[in-house]
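Student: Dock chain B against the given chain A, drawing on the hints supplied.
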Amino acid sequence: MYYQLINFGNEEFHAYPNKSLYWKRLNTLIVSDLHIGKSISYAKNKQFLPPYDTKEILNKIFVSLDKIKPSNFIIVGDLLHDVFSTLSLKDQDHKNLSQYMKNTDFIWIKGNHDKNIQIEGFKKFTNYKIEKFLFTHTPIETSLFQICGHYHPKVKISHRGKTIFKTSFVHNEKIFILPSFGILTGGLDINSKQISDVLGKKNLSIYPVGNDKVYKL
Amino acid sequence: MNINKSNPLLLHPLNKWMKKKKWSWFPHQIETYHHVRTGSDVVVFAPTGAGKTLTGFINPIDDLIKLKKFKGLHTLYISPLKSLANDIVRNLEKPIKELDLNISFQVRTGDTTPYKKQKQKQKPPNILITTPESLALLNSYENAKEFFHNLKYIIIDEIHTFLDNKRADLLSLNIERLQTFSPNLQRIGLSATLKNKLDAKKWLCRKKPKIVSYENSVLPKIKILESKERIPWSGHMATYSINEIYKEIMKSKLTIIFVNTRAQAEYMFKNLWLINKKKLKIAVHHGSLEKNLRLKVENNLSKGLVDCVVATSSLELGLDYGDVEKIIQVGAPKGINRLLQRVGRSNHNLNTPSKAILVPTNRFEFIEAKAAIEEIKKNNLDKIDLKEGSFDVVAQHIFATACAGQFDINDLYKEIIKAYPYKKLKLNDFKQLINLIQDGGYVLKNYDQFKRIFQLRENKNIYKLVHKRETRKYRMNVGTIIENPMLKIKLGTKTLGNIEEVFIQNLSQGDSFIFAGQVLEFQSMKNNLVQVKRSKSLISKIPSYSGGRMPLSTNLANSVRSLLAKSNMWDLYPEQITEWLKRQKNISKIPKKDEYLVEQFPRKKIFYTVIYTFAGWHANQTLGFLLLRGFKEFNYKPLGFVANDYAIVLWSLKEVKEIKTILNLGLLDKHLDNYLEETSIVKRLFRDNAIISCLIERRLPGMEKTGKQVLFNSDLIYTVLKKNEPDHILLKSSYEDAKKNMIDYDRLREILKKIDKKIILKQLTSISPLAVPIILEINRENLSKNETDEYILEDLENEILKEANVLSIN
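Just so you know, the sequences run in chain order A and B. Letter 194 of the first sequence, counting from 1, is numbered 194 in my numbering, and no numbers are missing. Letter 61 of the second sequence, counting from 1, is numbered 61 in my numbering, and no numbers are missing.
With the rest of the complex left out, here is chain A (with noise of 0.2 Å):
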């Protein structure tokens, strides 16, 4: 697989079409906001989304790990989308996770659709310290390098009188955010209020991600 390399905090990073970011050094690979059990929670509204994401959330993590084989795999928040989430985890997909569970931490940050559920294996964090780096759902007040999701980043180009959204990772020099592992989240514009409110405007990497390449804009 072909990855984007990403300098922050002065540690190199891989980031990969797949939206995971991988930190070579500590052999650790991070997604964000994989919202597990989305469909099932729009089906509780009557909104009939297919079905499958759970399954080709899990199957695009398992394909991740056996690839890279990481010591540490984190979650930045919202691994579920909500309270009933964990009903499209079946028997045999916590079976297949107990077994990549043996030679990998599963490392889940608490994001606000997380709630106070556990699922066996997962070490569940508010936010978690390795060196300088501080894994957060959001940002908070620190002197640390933060890596963080929840705001699902895409950014618009705009070029011979086209406009696209790509999905996409994003950075400043203190704060990196990731975008959504999930199969069925949307997007939002880097240039929104609540993207800028935390990244400011200026001096921003980014990189939109493509089918099987991630770009740098």
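Just so you know, not all the hints are guaranteed correct.
[What the hints assert, rightly or not] Ranges between beta-carbon positions, derived for each pair:
| hint | chain 1 | residue 1 | chain 2 | residue 2 | range |
| --- | --- | --- | --- | --- | --- |
| 1 | B | Lys732 | A | Lys202 | 29 to 37 Å |
| 2 | A | Val63 | B | Asn143 | 53 to 61 Å |
| 3 | A | Ile157 | B | Lys732 | 30 to 38 Å |
[Unchecked claim] A few chain B residues that don't get close to chain A, going by computed Cβ distances all over 10 Å:
| hint | residue |
| --- | --- |
| 4 | Trp17 |
| 5 | Ile65 |
| 6 | Thr239 |
| 7 | Gly441 |
| 8 | Leu444 |
| 9 | Lys473 |
| 10 | Ile696 |
| 11 | His728 |
These are calculated hints, taken from the structure and not from any lab test. Ideal Cβ positions, reconstructed from N, Cα and C, are used throughout, including at glycine.
Tutor: Here is chain B on its own, set in the frame of chain A:
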């Protein structure tokens, strides 16, 4: 038969009023009255001005008077437009008030206040005038059966607009529902003259079907604007003739200028104002304008307070503006029926001819205009092809049925297949649509506890809505018209109308554009509102609306071909057109009626292949994509293509040597599926299907969702579904829609079946005169249009004209 002596209408309650007005009954009115009275369902074909509306009401009024103080709903009148519904009320009011008849009548559309609607439900009028969508809503109420059980007549106005689209599907299902409620219900259809009258009869009539037809012997007077200026080679704006158009407006009391797109409307309006030295009152009217602005124009029009209105198809239907003296059609007519409909807007008196002037905006359009005039003389109308009904509309109907109460699926199925578009609906597909409404209908059963409708345990054929609050979601989703994502435009606090989000996304703050005839400066976009202020800028963009493409009718296309081939007619054309065609004949060839001319020539180390199919834009667009794939297979290194109604041009790095081997039916069979997959056509239609079938909502209550987000989500759903469940009913439905509407599959198939024997291949050294218009379109499509680009365009145009050796033709 002496009509006057045996005319039963002389005893009709309206006869007194007719006499007072010094009007006499038309033969078709007498005939209709007779057929309906003897229990037939009838379709009446008559031109505008032949008392069509009245024809529909003759039997209901007769009945209501005889029944004396009939309580409840007696007659339903379905109109295709809200505005038309209001107009019908005004027309009905006159005789009923003047004769003091004891008949109540009201209108019910999306614009009717909730209070009035509530009152109507409690105390229904004798005659209700409404739209297909409002009818669907009425049928979704629990008391629908009570409301309609005494219904005697349903009148479908402008039925020709209801024959070939999803609205027609929706309407047909709801008519069958009414028939179930009230088995004695009789159907009356009112239509403009049609070529395939039998199809309309099949669509509507069940009981002793009858056709009543009245042909107008007075032909409209249509001519092409005689211009001293040169007709442009390509493009769609009639800038060249603006002064001459203005003179025509001055000559008539009241003129409607019809154009084909909203962008053209804005452009024409702006340019007329720039030369409006006489201070004529000119207005603009199109579907994106705010309702109040539109109503104001319509009012002024009917009162004769304006001199000219520039309009799109928004003013095409029904409304009777008595004083319109002249119609000017700017741009290609595209179809005979459409042109006749537009021309019929002028002078609603049957005995004097309507007057119209056609203004072609480029050279091919000149031929098209000429052909249209010829066909109208021969009364050769376009055929409206009936289509098989779409699945998504059935799904919506199932949901509506559930909202009205529990139902038996076998009864529902039997009722649905009575509707003409669904005669061939398979039980298996129907059951999948039931499942779609129940829980999405997926193979993976994840949603058992979240169903929207459920089977009763004691009788598995009976389904019931899970909760009453679901009815609200149905009511928010009703209808088959899906607009592109639109944003409201605000000038101060005043709303001017709606504009496509895509257009706004390409604007930066300070850019100016034309809307509602004003030059506006884009300031900001907040909460789906576009704030603008007035601007004095001379450089401005014109919003485009993607829905604006009207395909060239097969009938008119054939006529264009035969006219082109008739070289003895050429001398009657303006010199510039004659010269153009003569040079084409010398340098290349003018294709005969059944020939397909293919020209190939090199230009700047690139090889061009031009194919003249006259198949309409949709079919040509599809063919272009397929050929692109075919060329790739033969390793010709194709770079791109452009299509218009008449032709396709492809360009490639290598010379295309085997065009005859590639261009045949095999091309379609081999590449169509890939094509549908690669382009976003099916994906886009999936969005419409998902919304119409109520799988996703247009707008979630309490959530601020823009149309854009719906598009985004439906794309994700499409991708996931396609991967995991490629046989899902909604994918099948979208694919069928694509075949029916977007790619003109049948038309293309017909052409490709016979094309290989009819190809005339011409190898040329440079561009032919006939190819100039489409070659110019390449450059137009590939350049964005700001001011400097116009100079580049002009340069290019001159260069190409020089190469084609036609520069001297004006």
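Student: For each hint, tell me whether it holds in the structure or not.
Tutor: Evaluation of the provided hints:
no.: 1; hint: B:Lys732 with A:Lys202: 29 to 37 Å; result: violated, 50 Å
no.: 2; hint: A:Val63 with B:Asn143: 53 to 61 Å; result: holds, 56 Å
no.: 3; hint: A:Ile157 with B:Lys732: 30 to 38 Å; result: holds, 34 Å
no.: 4; hint: Trp17; result: holds, 53 Å
no.: 5; hint: Ile65; result: holds, 48 Å
no.: 6; hint: Thr239; result: holds, 22 Å
no.: 7; hint: Gly441; result: violated, 8 Å
no.: 8; hint: Leu444; result: violated, 5 Å
no.: 9; hint: Lys473; result: violated, 7 Å
no.: 10; hint: Ile696; result: violated, 6 Å
no.: 11; hint: His728; result: violated, 8 Å
Comparing the model with each earlier hint shows violations of hints 1, 7, 8, 9, 10, 11; every other hint is respected.
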